[in-house]
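So the sequences go chain by chain: A, B and C. Counting in numbering that gives the first Met the number 0, the first sequence runs from 0 upward without gaps. Counting in numbering that gives the first Met the number 0, the second sequence runs from 0 upward without gaps. Counting in numbering that gives the first Met the number 0, the third sequence runs from 0 upward without gaps.
Warning: the hint list may mix true and false statements.
Said to hold, decoys possible - Just so you have them, the derived chain B footprint on chain C, three or more residues with Cβ under 8 Å:
{"hint": "1", "region": "79-87"}
{"hint": "2", "region": "99-106"}
{"hint": "3", "region": "201-212"}
Just so you know, the hints here were simulated from the structure itself, not pulled from any lab data. Don't be surprised by glycine CBs; every beta carbon is placed ideally from N, CA and C.
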Amino acid sequence: MIFGVDVASMLLGGVAAGMVLFIVSVGLSVTMGLMGFVNLAHGGFAMLGGYVIALTMKYWGLGFVPALLVGFVAIAALSAVLERLLYSRLYRAAELDQVLFTIGLVLMMIASVTVLVGPENQPLALPAFLRGQINLGIVQYRTYSVALIVVGILIVTGLWLAFDRTRTGAQIRAAVDNRRMAESLGINIGRLFTLTFAFGSGMAALGGGLGAEFLGLDPQYALKYLVYFLIVVAVGGLGRVTGVFYAALLIGVLDFTLKKYLPQGGTAFIYALTILLLLWRPHGLFGAKTT
Amino acid sequence: MTPTESPWADHPAAVALAGRHRLRAWEPIPWILALAFYFVFPKYLGFGTELLITILFAVSLDLVLGYAGIVTLGQAAFFGAGAYTVGILAKRGIWNEPITGLVLAAAVAAAIGLGSGLVLLRTGGLTLLMLTLCTMALLEEAANLAHDYTGGFDGLDSLPIAPLLGRFEFNPLYPTTQYLYVLAVLFVCFVFVRTLVYSPFGQSLTGIRENTLRMHAVGAPVRGRLVLCYALSAAIAGVAGGIWAQANAYVNLGTLGLDRAATVLIILVLGGYGRLYGAFVGAIAYMALSHFLSKLYPTAWQLGLGLLLVVIALFARNGILGIAELGVRWLRRPRPMP
Amino acid sequence: MIKRVIAIAAAALALGVTTARAQEVKVGVALPYTGIGAEFAQLVDRGMELYLKLNPDKVKPYKFTLIRRDVKDPSGANAKIAVQELLTQDNVDVLAGWIYSPNAIASAPIVSAGKKLAVIMNAGTAHITNLSPYYVRTSFSMWHAGYALGEASAKVLNAKTAVVGYTDFPPGKDSLAAFKRSFEANGGKVIDEIPMGGAGAVPDFTPFFQRAKDKKPDLFFVFVPAGDHAAAVVKTYAALGMRDAGIKLIGPGDITQDTKLQAMGSAAVGLITMHHYHADLDNPENKRFVEAWKKEYGPNTTPDFMAVGGYDGMAAIVHVAQVLKGKIEIEPALDALKGWKFASPRGPIMIDPVTRDIVMNEYLSEAVMKDGRVYQKVIGKIDGVKDACKEQKIGPCAPPAK
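So that you can see chain A by itself, here it is in the shape it has in the complex (with noise of 0.2 Å):
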């Protein structure tokens, strides 16, 4: 009975960890399988939509889900304009300047925000309703750690969903497969970048907000978590929704267990599995060959 305590417990706690690494990666992959860019900045946005969040909900009192709708327009929004602006000059370039780019508007992003707000974590006051511990049966757990496991499910049906049956999301996968043949069937690819990038922005933002009461929120957060993104999205495969969900939800559940069992080595040994998992499956464990 103790035993299906302590496994029902470690794997809600490192579900509800993956989720939240899934809600942020998920749109990094799709704009990196569909263009091909290397976006170092992503966790910029992540940081940026949770300052938005946070900050709303202080000083215009709004609650926490209009806040977090607010959050991920309005960073939508700010990468749509700094997609058509900066970074489509960048589609065809080499991956070291992609690299540069990112990396210096993600120190941007810190420096300002820094200067703006300042360099110590954004407390962020989660509403009465998730707070606390909730009955559910077999054990007793974190209320808002339930909560993100229902919307990352609900956000993963949703994404598949509409990848699935909406013409948009046909001409997403089609552009990820094989941009060229998309192309010459005359999809516009531009317009299809910016929507695709906005909307892996916003989700990133909001994955920030979702995020903070695990991860907190202050400037560094988006060089601090950049490599566990990027880790999910490799062993994901670039451009799989479900592939990245799958591994958002390993390396969560694996850091999770990880932690609580043999706390001296955790993060060595997500490096360790990473390592094993690419050279394995250079194209994620999802992932294709794409042309």
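Chain A is fixed; fit chains B and C onto it per the hints.
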């Protein structure tokens, strides 16, 4: 039929190719300046030593990034490997002679480079980037876990490094010996890299970088060359790390961190990669900028650096040297006939 | 006309003479003014400045110039360069600063070579004062709070079992070792030790706290670096319902740092900490100190243990300058500080003549809500606590071979 009488030997392209390794007039300048620095700014030798070591590290990255075209975020793994080799051997009293210490550092770093290169260089793009990053992060975690050997977060302090050549002591307060020692090592390593780059091996690296498919078609052993280049670059990075540990009599986890790897990448790109001297220009520009901007306002430094990177990526991909080259080309442009 | 010129000239001469008489003492300050430690650097810096402002009669006729150099990060390399430049370029009379232990450790050889008094105002790893004979510490050692808390847990809180969670770096390990030694010496038992990630990024504490909760101890002793880690600890403790499960959260005062305490709000209520200073201490020096701080830096600011480290450090430097009449040589300076006593905002302090480390009171406090803010109520006190690590010569704290 004598080969030397080929009619193409006088073609400008052939002349350029055959003479590419010849010393240009301005090449001794950086070395003269470095030596002059020693006499003109005796109080800034601590800063100067750090600058020279950074240049050496950047040169190692230039070999693998600028010439072989391998984009890596994990070069600090080799820097740290060299630093810890020197550190652990010295702290445990096993070995503390400086020059042979560097050789050992290079060997250890090269071994790690060879091993990881054989395995990782099968991949490319984001996967390779992630793999280099994870390898370095793994080494950093391992160093933290093995804190009985490595001193963990606090590092190994007060390393007892033997006097250079038995005579010249390393003084922590007045680093005159350190400066000249690092300058000498930098010179030797640079000459090595320069010769390598202008050799047929180096030319083949350029070929691999520019058009891998064609190099395969021509029969060049692409993977072998890349792995060799990666290992050599690791060796030099190891020397840089080892000499850092000796000059500072100290080593800690910062030598293996993403911060150091990212900084050296930025420095190289700032100066201009694939141009050998980009490392020099970039390191000086970066350190000067860092010193100047961070005095203005702490976060001005981060903002300024970010802006600079964005501008370089968009408009000046070849860094400062690239801009200089454009300038020289513009000056030498053919003028219209009157 | 001539009379006026002569008057002005006489005034200028007099002014020149008086300013020349104010002897200058150059204090080289090495702190992380930029980067992740910027907040802490500001606290220590302000503490130093406030001492000079509040005690002009103790300061004159000397003029203390603070020459500041940014050490940027805890990696050690920049600290070495900063200290070296302060000694060789700025020719300072005294060195001061050091927030992070790695920086103090890296600077030790240079401090020894430079032969100048070096006052450590924060860095807490116990054996640092052994690394150079010229280091004097006015801040604390991890063992001050950790050891005292182990004793208090057994005697005052009557706890039998404890789980220790600590950030996996030397101050954390120091804290664990200190607490465990004294807790077990007083009849308690540490049933689990959980390293909780590194000092860099704040990890998600949930898995570590879950493990602690599952062990069902009387106490959960937590050490994390001051700052954002502490806020996350308090939040996770509340979120997992550990208080209702009967597990008290205790730790050194780093987890209830005054500058972060109010932001934690009611979640911090019930925390029990042991520390040498917090802003709610009830003694006349502290009342004066806190009032002056709020007046100088803003009514919504508060000093904390880092600020007091700077304040007392400056007091030590001024004392040395007064005793040696402005001519600060290293051996007389050390003699002046060995056994030096001072009425600090944290209570009476003394510099141990053997170890050059600080001897001070430790206060056991519980966080309660009072008048709408979080208030630290003192529920116990131990006088004259020395650094137990060096006192008992444990591991690297043993005196260095001559």
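Structure-based check of each hint:
1. 79-87: Check passed, 6 qualifying residues.
2. 99-106: holds (count 4)
3. 201-212: violated (count 0)
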